[in-house]
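Asker: All chains should be modelled from the sequences, with the hints used to inform the complete structure.
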Amino acid sequence: MAAMVPTTLPFTQLRKGMQARVVAVSDDSSEQTRLQEMGLTVGTKFRVVKVAPFGDPVEIDLRGYRLCLRKTETRNFEIEALD
Amino acid sequence: MKSKLSTSFDLGARTPSKGRLVAIVGNPNAGKTTLFNSLTGSHQKVGNYPGVTVEKVSGPLVLESGLVDCVDVPGLYSLAPVSEDERVAAEVIHGRSDDLGQPDLLVCVVDATNLERNLYFFSQLAEAGHPVVVALTMVDRLAQQGKSIDIPKMSNLLGVEIVPLVGHKDKGIQDLKEAIDRNLENPRVPNFDLGLPDALETKVAALRERLARIGADFSKTEVRRALLQPSEEFESFLRDFPEMQEAFDDARAQLGQEGILKPTLEVATRYQWSEMIERAVTRQEGPARKRSRTDVIDAFLTHRVFGLVVFVGLMYLVFQSIYTFATPLMDTIDSGFGWLKEFVSPRLESVPVVQSLVVDGIIGGVGGMLVFLPQILILFFFIAVLEGTGYLARAAFLMDRLLGWCGLNGRAFIPLLSSFACAIPGIMAARVMPDPKSRLATILVAPLMSCSARLPVYLLLIGAFIQPKFGAFWAGFALFAMHFLGLIVAVPIVWVLNRKVIKGKRLPFLLELPPYQWPKWRDVWLAMYFRGKIFVKTAGTIIVFMSILIWGLSYFPRLTPSQEAQVTAEYQAKHPGADEATVSQHVEEAQLANSMLGRFGKTIEPVFVPAGFDWRITTSILAAFPARETVVPSLGIIFSLGGEVDEESGNLRDALHEATWPDGRPLFTPWTAVGLMVFFALCAQCMATLAAVKRETNSWKWAVFMFVYMTALAYIAAVGVHMLGKAFGG
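So the sequence lines, in the order shown, correspond to chains G and V.
Residue numbers in the first sequence follow this note's numbering, run continuously in steps of one, and reach 83 at the last position.
Residue numbers in the second sequence follow this note's numbering, run continuously in steps of one, and reach 730 at the last position.
Since the hints were made in silico from the structure, they are not lab data.
Be a bit skeptical, because a hint or two may be false.
[Stated by the list, open to error] Here are some of the chain V residues that sit facing chain G, going by a computed Cβ distance under 7 Å:
no.	residue
1	Ser78
2	Val82
3	Glu116
4	Pro263
5	Ala268
6	Arg289
7	Phe509
8	Leu513
Here the structure is a predicted model, which is why all the values come from computation and not from measurement.
Each residue gets a CB set at the ideal place from its N, CA and C atoms; glycine is no exception.
Answerer: The structure is reproduced here in structure tokens:
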């Protein structure tokens with residue numbers, strides 16, 4: 001069986017329970033660097049724990065802790081879904 | 001420099017032995033404040049760092065070798081700061097803070113369950129080149145996950161001493177104190193190789209040296225960040241030094257050719273390092289729990305339906321408590337000040353000016369402010385508990401979408417909801433917001449929420465003009481609408497503020513959701529104690545001053561004895577058989593009409609006529625600017641009932657009904673009553689709030705701005721209501 005080709009998607013496509021990995025980050029502004037300083041570096045795996053009642057923000061589990069961020073403020077992240 | 005801090009400790013004869021300074025630093029939620037409270041107890045001093053709104057908390061730390069100063073540095077995720085808190089923290093760490101000087105030792109708090117991100121910060125701290133001791137927290141929670149940390153190995157890899165702190169046991173605190181003592185004696189500066197490319201590191205070292213030669217002290221981390229990710233601030237600094245500019249340009253060009261001019265390179269490398277350390281020192285010893293306690297709780301508390309239900313229920317409980325529990329305490333304070341007035345008043349009878357100044361001005365003014373202390377303490381009790389358990393972060397998570405669209409964020413809900421009780425604790429609660437832009441916007445609209453001091457005005461006017469004419473249903477609706485009005489108006493105002501008034505970039509909304517835990521009661525009590533202390537201090541300074549000012553304006557000039565006799569005679573001629581109390585109330589009214597405030601009211605009456613207010617209402621409004629709750633007593637004085645009235649007073653209602661314009665038209669229609677209520681709902685009539693805004697934003701600019709915009713808004717709205725009334729023949 002051929003290996004599944006991972007598809008990249010924007011943060012906005014994330015659903016509850018998804019496992020994902022950061023593939024690329026396109027913005028270099030210092031505000032965006034902060035997201036990486038929180039641990040969302042390229043290659044980091046994370047799990048979507050929950051989506052807030054009104055669709056945003058999302059809670060993710062990464063590096064052993066829980067971070068809440070807005071989908072709308074992570075447009076420059078490219079994500080691949082893992083299974 | 002350090003002596004300035006040491007002399008500020010209130011410890012009597014005990015003075016710090018050498019003026020040494022220990023700074024507690026680390027990530028937010030790592031247990032920093034709990035550790036600081038355990039180390040210093042209640043001998044803390046809370047102030048502000050000069051020129052900024054960041055809170056400075058310091059206290060004495062008793063060691064074997066003597067006393068040292070200890071400062072709780074604001075939590076930070078990175079030494080490349082993005083918020084004001086972080087900027088101040090970075091300055092303290094680098095020894096650039098004017099009033100602290102270079103700390104002799106940095107105690108870095110590291111959360112054992114969150115090593116990768118905590119060590120990311122540690123790796124930056126290490127580069128600052130100062131002695132560090134690591135305090136490892138949450139070790140017991142790590143054990144619950146079936147894991148342990150090899151402390152000697154970790155100490156070896158990081159090059160510093162590591163002290164594990166187990167739970168609330170004082171054993172770890174004692175160990176840490178001993179370690180601080182040892183390290184003050186024999187400091188250890190962490191030293192390890194991060195694994196950044198040599199090509200980059202040699203350039204960073206060379207540039208740092210050149211910067212040092214022109215007297216600019218930058219850390220390695222800062223130079224590297226400036227090189228890889230040009231910031232406006234640093235580039236404008238470079239423009240003043242063309243040679244440095246050239247050196248940076250050259251270095252960037254070369255790094256670009258080698259393909260390592262990537263801002264994310266540094267971040268990624270540090271995380272690779274921290275992952276490596278985490279793998280090397282953490283051992284999985286037993287089975288991990290399948291589902292953590294936090295996940296079990298969160299399945300319910302952040303559930304899209306139950307979560308919201310629980311949230312609404314909890315908030316209802318909080319605000320109900322603020323009203324119910326605070327009321328007896330507020331009554332006690334009220335009657336305490338009432339007793340004080342009665343006690344003092346006869347003793348000053350011989351000098352009426354002093355009597356009135358002390359009784360009406362000072363005791364009345366300060367009492368009117370201190371009566372809010374119970375509400376503030378109760379609110380901060382709940383905030384401290386909700387924050388200590390980790391629920392506050394969940395509530396912000398639930399609310400973010402609702403508040404986010406107009407430019408606020410989830411953290412604004414506590415300050416705004418609190419403001420329905422009183423804007424002052426609400427404004428103080430805005431400290432939970434790290435993004436200065438959202439925080440300022442929240443502070444500026446918080447007083448639009450209808451606070452409990454507006455309630456008496458609503459009750460009086462609704463009771464007098466709405467209920468008799470339209471019935472209980474519309475009376476209830478009017479009360480609800482008055483409370484809703486501020487919230488409705490606040491939304492477009494935030495929207496405009498964020499686009500036109502408040503400058504600066506907004507930070508992305510990032511919120512850590514820490515594991516649930518029991519609140520630490522010591523932290524809760526200390527938080528309440530310091531909030532209360534700050535509030536009382538404001539009441540004791542600015543409020544006394546403003547109260548005296550307003551008292552003076554409404555007291556002077558006095559009628560001469562002959563004028564007073566004339567007023568009395570005229571009144572008695574018109575109302576034969578009036579009792580003495582009624583006559584003296586009438587004289588009081590004449591005195592007020594003659595005072596500067598009364599004359600001012602008459603002068604600017606034309607301004608308020610478009611809103612349907614005469615000089616008497618206008619004067620009441622003016623007298624209520626220091627504190628809106630004084631409007632009912634001042635309406636009472638002006639409509640000749642004496643000062644001792646409240647909203648239940650039937651006589652005042654009748655007096656308002658009977659009041660007429662000079663031409664005999666009734667002064668109050670239901671529309672006038674609604675206009676006056678709308679005016680009170682939107683106007684910034686509370687100098688305690690303005691003082692709180694000044695304190696929290698560290699400038700009078702925003703206090704003045706708030707006063708102007710709210711007053712204008714209130715005026716326009718009141719005129720609008722009056723015009724509607726005319727159009728509908730009200």
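Asker: Which numbered conditions among the earlier hints are violated in the structure presented, ordered from lowest to highest?
Answerer: Checked against the structure, the only hint that fails is number 6, while the rest are satisfied.
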